[in-house]
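K.L.:
Sequence:
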Amino acid sequence: MNASPFLIFPWQRPFLPALKDYLNQLTQRHPGSALLLVPHNRPWRYLVQLYASEGYTGLLPKVMTLSNTIASWRAFDSAAPLHTANTLDRVALLYQCVRALAQDDSNLASRFARMDMALFLPWGLRLAALLEEMYGQLVEATDLTHLEDEVAAPAAALLGALGRISKAYETALLENNWTTPGLDIFALAHSDSPVPSLLEPQHDRPVVVAGFSLLTGGEDHLLKQLWQAGAQFCLHGDPALAGGEGGIHWACEEQAAWLRRWKTQALPAMQLGDAEKAHQPRYHFFAGYDCHSQLAALRRDLEPECKSDQAEADDTDSAASTAVVLTDSSLLMPVLHHLPNKDVNISMGYPLDRSPLNRLLDALLRLQANRSDEGRYYWRQVLQCLRHPYVNMLRTQDDNGQPLLLRDALRPLENLIREGTRFVDLTEVANSCRNQLPEPLSRLLEETLHVLVHAPSTASTTRGMADVLQNLCSFLLNRGGDLWKHFPLDAEAMYRLIRQTVPVLRENLLADTDFPLTTLHGMVREVLGQERVPFEAEPLTGLQVLGMLETRLLHFDRVFIVDATDDRLPGNPAQDPLLPDSLRQTLGLPDSRRRERAAAHTLYRLCAGADEVSFFWQEGISRSALFDGKKSRSRFVEQLLWQEEQRRGALLTPGEPPLETAVCEVQAAASETKILTRGVELNTALTHLLRKPLSATRLDVYLQCPLRFAWQYLCGLRPPKEINEGDDPAAVGTCIHNTLKALYEPYLHKVIRTGDISTETVRARFFEQLEAADLRRLLPADSCLMLEEAAPMRLMNFLSGQPDNIMIMALEKEISATLRLAERDYAFVGTVDRVDRRDGLLHVLDYKTGTIKKHDGSLWTDLPYFTNADALCAALTPATEADAGQLKNLENLFEELRTRLPSLQLPCYLSMAGACGMAQLGDAALVELRDEGKEHPLFGGLVDEDLNAALGFCRTALALTLLHMEYSPTFTARPDKHCQWCPYSGLCSL
1 MNASPFLIFP WQRPFLPALK DYLNQLTQRH PGSALLLVPH NRPWRYLVQL YASEGYTGLL
61 PKVMTLSNTI ASWRAFDSAA PLHTANTLDR VALLYQCVRA LAQDDSNLAS RFARMDMALF
121 LPWGLRLAAL LEEMYGQLVE ATDLTHLEDE VAAPAAALLG ALGRISKAYE TALLENNWTT
181 PGLDIFALAH SDSPVPSLLE PQHDRPVVVA GFSLLTGGED HLLKQLWQAG AQFCLHGDPA
241 LAGGEGGIHW ACEEQAAWLR RWKTQALPAM QLGDAEKAHQ PRYHFFAGYD CHSQLAALRR
301 DLEPECKSDQ AEADDTDSAA STAVVLTDSS LLMPVLHHLP NKDVNISMGY PLDRSPLNRL
361 LDALLRLQAN RSDEGRYYWR QVLQCLRHPY VNMLRTQDDN GQPLLLRDAL RPLENLIREG
421 TRFVDLTEVA NSCRNQLPEP LSRLLEETLH VLVHAPSTAS TTRGMADVLQ NLCSFLLNRG
481 GDLWKHFPLD AEAMYRLIRQ TVPVLRENLL ADTDFPLTTL HGMVREVLGQ ERVPFEAEPL
541 TGLQVLGMLE TRLLHFDRVF IVDATDDRLP GNPAQDPLLP DSLRQTLGLP DSRRRERAAA
601 HTLYRLCAGA DEVSFFWQEG ISRSALFDGK KSRSRFVEQL LWQEEQRRGA LLTPGEPPLE
661 TAVCEVQAAA SETKILTRGV ELNTALTHLL RKPLSATRLD VYLQCPLRFA WQYLCGLRPP
721 KEINEGDDPA AVGTCIHNTL KALYEPYLHK VIRTGDISTE TVRARFFEQL EAADLRRLLP
781 ADSCLMLEEA APMRLMNFLS GQPDNIMIMA LEKEISATLR LAERDYAFVG TVDRVDRRDG
841 LLHVLDYKTG TIKKHDGSLW TDLPYFTNAD ALCAALTPAT EADAGQLKNL ENLFEELRTR
901 LPSLQLPCYL SMAGACGMAQ LGDAALVELR DEGKEHPLFG GLVDEDLNAA LGFCRTALAL
961 TLLHMEYSPT FTARPDKHCQ WCPYSGLCSL
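In this note's numbering, the protein residues as written are 1 to 990.
It is possible that part of the hints are untrue.
With a straight-line Cα cutoff of 30 Å, these simulated DSSO-like cross-link-like pairs (lysine-lysine) come out [to be verified]:
| # | residue 1 | residue 2 |
| --- | --- | --- |
| 1 | 631 | 813 |
| 2 | 692 | 674 |
| 3 | 277 | 263 |
| 4 | 854 | 813 |
| 5 | 674 | 854 |
| 6 | 342 | 62 |
| 7 | 888 | 692 |
Note that these hints are calculated values from the structure, not bench results.
When you get a sec, could you build the whole thing from the sequences and use the hints?
P.N.:
As structure tokens, this is what we get:
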């Protein structure tokens, strides 16, 4: 048969209705006799809809995609059945080929002769993809030498032997009766076999090739063979391709080059009216500041569409007239959440690696990757696995048939984990938890931990990982019961995992090869990343949600394109360390400009037939990928904006139609101080608290922030238990305290002089306490190392700075006393770190390993302040109701006190010591061990009458704080730096 001219269907009109009419004309209204070859399966559904709408009841044309056509052609041409090698099989063959060639190639040998499969895997994946593309483009692989300055050394070695690797790889595939999609094309193009009868055009069975725009080298060769055999070619593009008036649109240049390359003519399939020729869609543009601002504008624009008459949705002409086009499949879930009408048709695949199932799988892989040598698991990753919704939905039954939920067993298990250490012995913790559970629930918990934790820990091969994934899905399906009927996307993801991913991992040349854990998990993630969860693409009515590629050959009146940024449309070239984009033309492979031309034809064809097109994008958002800049609108959007400005004769102003921008109204956050008003319950709790022994710590909490005091001690709120993963200041402080106690114990009730304690003794006592506290296990390695180096040195600095000839009177002494303050009796308890006798007076010392807040030394000589405070304390007796003036005065005095005296610890200890009968009290000091061991005295050298007055003022400070606690009408927050580590700070933002 003679090759016929191409038919150009103008892109101003819908393609598929016109194609249906052409098929009817070509087959004399017997479309079932025709064979239709299209780029993808989506047009078939629309053709069925179109034939059904006109009442046709005969046979429909046979529709095949190009990939199915090539597979059928190769099966016809091959003497024996061929098996399509999966990704891991290809990598295994390439590994064998490279190792064999390395015996005679010094460059390959230096890089790959001793490289195991774990290290070769990333290079093998890229090499397999490169060879597959070269086969598809009909590019003969040749050795590329002298590229050491262009790519990394391993890549240069592989490219230097690329031709030999390709030949060895092709031979290995054929020896195993294997093939690949690219090799199918390559083999067919180099064979002399005729077009198979299934595909050969006949007078009574025409073959129509429709909707293609950009072909690979192999596709070009095979389709030309079909064309020469008599196939009819129908293109959807610019009418100027058929010799119309005006120049050809640049997005159709590839189709024009196609016509020139095949030396054929193009004829118009139909004539357009003047109005159709001049048709231009109405363009709207929206620039957002993030994804959600785009989706909010999309929802706003779609709401009128969703409120239209429902009956119109059943009309064939209006069906599927609105499309939301996503430039990236990861946008699917956010878009579905923002659509005003949830009853939509989705015609795109969702990546399996973005599904909830993959999040569970990724959590399990990370759990095993961070497993300790002792078989313990990092607690946060354990909780991440146990908190996954899939796991919490599982259930069993008791003996009476009543449901028992797994989450009721996971909660106590989580509490036990939080009470342990950073790395958890799950067997030990689970045994402790199972003793508290009913037997059926205990068995379910044991089965859960086996499937999620213990079984994956034994897998070292891809076959083992396939068994793990198979058992996981079976466990979820069996224990989930009917729940999965309500979650079809999740059920479909498990189906794809079982039917697609598991066989690839189980049946490959590397299936029984042991891999390091990191490599094995990388292989699993690579296979998972290739899978997509398909959506049922029927019915074709209502709002359509599609990807850019799925829009090919389709027509919509209204088009909404989301995230039209340049990194998505057309997209940035992938960073390929094996063959950078700048070297692709060296091999004769298309570079990033080909992807741009393909994306341009898809976009402009879609826009040409639409009445209204809206673009949404975000700009000014920094990218996280290395070397990527901020997001910017697509270059295609820039061209459309420029064309609109040319038509208007003026620049478009952002914020005015048709170029809208997101408006974000930012209001200053309310700076109101959080207040908790006292009530009967709080007063009762406070009364009960004051009847118990008080500590200086509780008074300091109140002094620092009364609201935190109320949350913590009156409301009984407890922050969630968290395992300390970083430095543990409390444990370090205890270790230092115990070290100093051990150093001074031999000198208790003795005079000690500077130099009595040697450096060797300091180090010995410190490391004894370090081992006793098990800090090497509790602290991060770097922190423990710094502690071991710094602590002995700082302890020696402290000892060298101590006064000479002091007598140690008490160490870690627990004291308790009842103090009468403001005509009220309060019990106090506390532990004094050290009591010295210096110059005939007792000095109280308190060690601090943290930061010390210095007090105002002039406070203790401020007689007017304490005279006022004493008078107020005397006036507010238990039988007295405070008036407004007294409350105001109390508030002012308390606020000044907390500003000038950040801690009541030393005043409390001195007051308790005096009440216990310790005579001749001198001073008290905080010892700053974190630096040079300097003492910060409370009174700063006061003597005689001034000293005695200051000791009395300590009781006044305590009384003033307790009176404020009793009389203040509210517990008011005191925002400061301490809010950064306050466990209750979240409550202040509510």
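K.L.:
Each hint should be assessed against the structure and marked as holding or not.
P.N.:
Structure-based check of each hint:
Among the hinted pairs, residue 631 with residue 813 is inconsistent with the structure: their alpha-carbon atoms are about 65 Å apart, more than 30 Å. Of the supplied pair hints, the one linking residue 692 and residue 674 holds, its CA atoms being roughly 28 Å apart against a limit of 30 Å. At most 30 Å may separate the alpha-carbon atoms for a hinted pair to count; residue 277 and residue 263 meet this at roughly 27 Å. Taking the CA atoms of residue 854 and residue 813, the gap is about 25 Å. The hint holds against a cut of 30 Å.
Under the criterion of a C-alpha separation no larger than 30 Å, the hint pairing residue 674 with residue 854 is consistent with the structure, at around 27 Å. Taking the CA atoms of residue 342 and residue 62, the gap is about 33 Å. The hint is violated against a cut of 30 Å. At roughly 28 Å between alpha-carbon atoms, residue 888 and residue 692 fall within 30 Å of each other, so this suggested pair holds.
Violated hints, listed in ascending order, are 1 and 6; each of the other numbered hints is respected by the structure.
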